[in-house]
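Q: These protein sequence lines map, in sequence, to chains A and B.
Residue numbering for the first sequence follows the working numbering, beginning at 1 and increasing consecutively.
Residue numbering for the second sequence follows the working numbering, beginning at 474 and increasing consecutively.
Think of the hints as simulated: they come from the structure by calculation, not from any bench.
Mixed in with the good hints there might be a few duds.
[As the list claims (entries may be wrong)] The following label-pair restraints were derived from C-beta to C-beta distances:
1. A:20 with B:832: 36 to 44 Å
2. A:106 with B:529: 27 to 35 Å
3. B:768 with A:54: 25 to 33 Å
4. B:708 with A:166: 54 to 62 Å
5. A:158 with B:894: 30 to 38 Å
6. B:864 with A:158: 56 to 64 Å
[Claimed, not checked] Derived contacts from chain A toward chain B, CB cut-off under 8 Å, selection only:
7. 139
8. 145
9. 212
10. 260
11. 346
12. 421
C-beta atoms are modelled at their ideal positions from N, C-alpha and C, and glycine is treated no differently.
There are 2 protein chains.
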Amino acid sequence: MALKRYQRYAEELTALIRGGQLAPGTRLPSVREASRARRISPATAFEAYYLLQARGLIESRPRSGFFVRAMVKPAPARGGSAPPRSRHVEVSDLVFEVLEATRRAGIAPLGSAFPAAELFPLRQLARALSIGMRRLDPTRIVEDLPPGNERLRKQIALRYALSGTRVSPDEIILTNGAMEALTLSLQAVTQPGDAVVVESPCFYAALQALERLRLKAVEIPCDARHGIDFAALCTALQRPDVKACWLMPAFQNPTGTSMSEAHRRDFMRELQRHGVPLIEDDVYAELYYGARPLRPLKSFDTSGLVMHCGSFSKCLAPGYRIGWVAGGLRAPEILRAKMMTTLSNAVPSQQALAEYLAHGGYERHLRRLRRVLARQHDIAARLAARHFPAGTRFSSPEGGYFLWVEFPEGVDTLQLHRQALEHDINIAPGQIFSATRKFGNCMRLNFGHPRDPRFEPAIRTIGELAAAALRTR
Amino acid sequence: MALKRYQRYAEELTALIRGGQLAPGTRLPSVREASRARRISPATAFEAYYLLQARGLIESRPRSGFFVRAMVKPAPARGGSAPPRSRHVEVSDLVFEVLEATRRAGIAPLGSAFPAAELFPLRQLARALSIGMRRLDPTRIVEDLPPGNERLRKQIALRYALSGTRVSPDEIILTNGAMEALTLSLQAVTQPGDAVVVESPCFYAALQALERLRLKAVEIPCDARHGIDFAALCTALQRPDVKACWLMPAFQNPTGTSMSEAHRRDFMRELQRHGVPLIEDDVYAELYYGARPLRPLKSFDTSGLVMHCGSFSKCLAPGYRIGWVAGGLRAPEILRAKMMTTLSNAVPSQQALAEYLAHGGYERHLRRLRRVLARQHDIAARLAARHFPAGTRFSSPEGGYFLWVEFPEGVDTLQLHRQALEHDINIAPGQIFSATRKFGNCMRLNFGHPRDPRFEPAIRTIGELAAAALRTR
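Whole structure, please, built from the sequences with the hints as guidance.
A: In structure tokens:
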């Protein structure tokens, strides 16, 4: 097929950039210059640049023009166990590359962040949505403005009570998923340049939020066997530039590990001693395999330092985008920030969940979901043990749907990610979970798709690719 | 009713702060100190401080403790027509005070930012919502991830085509209302400390966004008679620290004025000459009274500089929280920022609007809505002329549902706002629309509640209060 004019121009530039003739930082001709020189319309030149931007090859800088971007750098050697240093974060390019792959139709979703949609009571939710919207008095839509629907906030406070945590509905602010709760909380307690303690590996969205807010990450090691390095965590609080911690003490993403109850108590005491606020990302709280939920750090907090973030996206209603934060002392600031950024949550989603939680058999759904995930975990652990090369270690989560896999040194999971894509398998390479490109031999494995027949063959293929990598090194 | 312990402590502190014994900036005892000194539990002391925070009397500073806040300052004398200066913005306290009042049940909503809910086809939307959710293949929820539902983006692109604007669906990113679109666009082109050109008076949420992102506002005068000062606007582009403009060229909030088509063309040329990006806030675009829509500045843009922001909140589906930005050259950065902050829009809202726009009689609804608002405008203008004091000027909007009222000097609309509240009337005083507390004699009047019997009596009461203020000055 013949290329259009703008595509031709874009392809020529792409070749020059990829070939290195146009080095990173080079300024491209302006739209006007290009249009004059090539006798194309400005709109055509603009479309070419638009395409190159979308490909991540160039960037526009306000009032200066278009510049060739720096390419994704190769991974540095693994960091070993040097003491945690803080750095500005730049992980997004890689994350977006990986996320994009999860959206390809027909791909085995082992790198996905979501469990299978069929695990959720979507039909009951849709019914609750219809009922809620029918009952809604249109003149009272304002009541769903921040902090959000009161019935729903009361239901959330009730669930806190079940885990022994005293949270008032007034302290709860509904957000567009936990992601917004986390970002607003972070903004409430930090300024650009501050340092924030995070786990390493760490949920990539946390790293992206730090990058975006120009914060430094103090990475505390966390491994498949022992979870977070507790001594290093406590030591980090002494740094005067540390203005917050952002942790997932339950079924951490990506490692699946949890902090023990004794450590929770001790750490909360340390936080209070140093006056450091904690953003407790607890979106997997309901997905425990055991008899009882873990007690959130929030439940030990007597100073209002903990901003506890939750969500229905992983346990009930993916796509409804209802998360929340129980903001403690920072609730008023978070509420204002919410009103200043996205104003309000979608009313249909709020009404649906308020209705469902009041009548919908949430407990029954959760019991079933926990049972399914626990069984899936056993299957995944057995398959990993069977198919992955000798010397591979993996975590033993007690909740959630992620396994953290540490292959022997010599397996490059970014390479593995690209090879697996050719077999229509998506994995999440370890590097996306670090601001410093660590974990080059690790991956996060999603086992939350019980009915997917591709799961076992995919595990086998990954094992073969990893074994081949070890043989040829 | 007997006060609880924490309430007693909070009331004592409130009295001391209000009485001035605890001056702004004073550090309060820590939770620990207070608990020891008053023999109350730390949780009780914490609750007292929480209450004081919610009242806006104290603030917590990370790692330092609790401090008495500075009170809302009285209005300075009006600025006259000095050349625009830029300043850091602090308008939120006042805005939140006014917004809070709009949520009181039973209040006449003349200060509201929303038109009446009964103007919208809420039942048809609810039906579209049910149909959309029933049809949704749960395994394809990922397709509603950013940039958002493709059917809906195509419908939006079609509407652009109607106003003569070429926008590709690929350039459109769905957001949680226009507010998020505006914030993301602003973040895509500015750094803290940069200056942004805005109208003055200006939609307060724009000022809040600048405040939050630590940007400076360059305020360009805009009055009820002549709209924006076009010469001053073009001059401002020469400032090297100006990194963006944020304007509402159609039915501006709060003045209701619009930029002429000739000025649009000229201004777009100026923007291109200086390479300054424009955030075109066009949320009232569909609410024109005339025969045809205004052509957005975006339609004259050949360099991709315009980020055009729209929304369904004001013309179709309040509470659904579906806005968008057609991001031009910045679309890729805005898309990433969206994924990093709130991830995705609510799927039910996206499905409902995609379904409604495809089948729902949107054009018919809009024609009716425009007719109702045009008629309401005539009524409002007639009532204002009859009941407001001689010398009062007001704008002649050609779309939307706001009238900008400039009372004679001597009417203090902040005072008027507080008096009106005693009569269960809410108005939007001029000061909330300025970073520098200008417009002390102005107010924005919402006439978008055609069935509200309180409208005429409210106008009369406001007129009487204003007249009384003029007599006693």
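Q: Does the closest beta carbon of chain B sit nearer than 8 Å to the beta carbon of residue 139 of chain A?
A: Since the shortest Cβ distance to chain B is 5 Å, the answer is holds.
Q: Less than 8 Å between beta-carbons is the criterion; does residue 421 of chain A satisfy it with respect to chain B?
A: With a closest approach of 16 Å, the residue 421 of chain A hint is violated.
Q: Is the gap between the beta carbons of residue 864 of chain B and residue 158 of chain A within 56 to 64 Å?
A: holds, 57 Å
Q: Classify the hint on residue 346 of chain A as holds or violated, based on whether any CB of chain B lies nearer than 8 Å to its CB.
A: holds, 4 Å
Q: Using the nearest Cβ pair, does residue 260 of chain A come within less than 8 Å of chain B?
A: violated, 24 Å
Q: Given the range 54 to 62 Å, decide if the beta-carbon distance of residue 708 of chain B to residue 166 of chain A lies inside it.
A: Since residue 708 of chain B and residue 166 of chain A have Cβ atoms about 58 Å apart, the given range 54 to 62 Å holds.
Q: Less than 8 Å between beta-carbons is the criterion; does residue 145 of chain A satisfy it with respect to chain B?
A: holds, 7 Å
Q: May I ask you to test the hint 27 to 35 Å on the CB atoms belonging to residue 106 of chain A and residue 529 of chain B?
A: violated, 54 Å
Q: Take the C-beta atom of residue 20 of chain A and the C-beta atom of residue 832 of chain B, compute their distance, and say whether it sits inside 36 to 44 Å.
A: Since residue 20 of chain A and residue 832 of chain B have Cβ atoms about 52 Å apart, the given range 36 to 44 Å is violated.
Q: Against the range 30 to 38 Å, how does the distance between the Cβ atoms of residue 158 of chain A and residue 894 of chain B compare: consistent or not?
A: holds, 35 Å
Q: Closer than 8 Å between Cβ atoms is the bar; does residue 212 of chain A clear it against chain B? Give me holds or violated.
A: Check passed: Cβ of residue 212 of chain A comes within 5 Å of chain B, closer than 8 Å.
Q: Is 25 to 33 Å respected by the C-beta to C-beta distance linking residue 768 of chain B and residue 54 of chain A?
A: Because 27 Å falls inside the window, the suggested range holds.
Hint check: violations occur at hints 1, 2, 10, 12; the rest are consistent with the structure.
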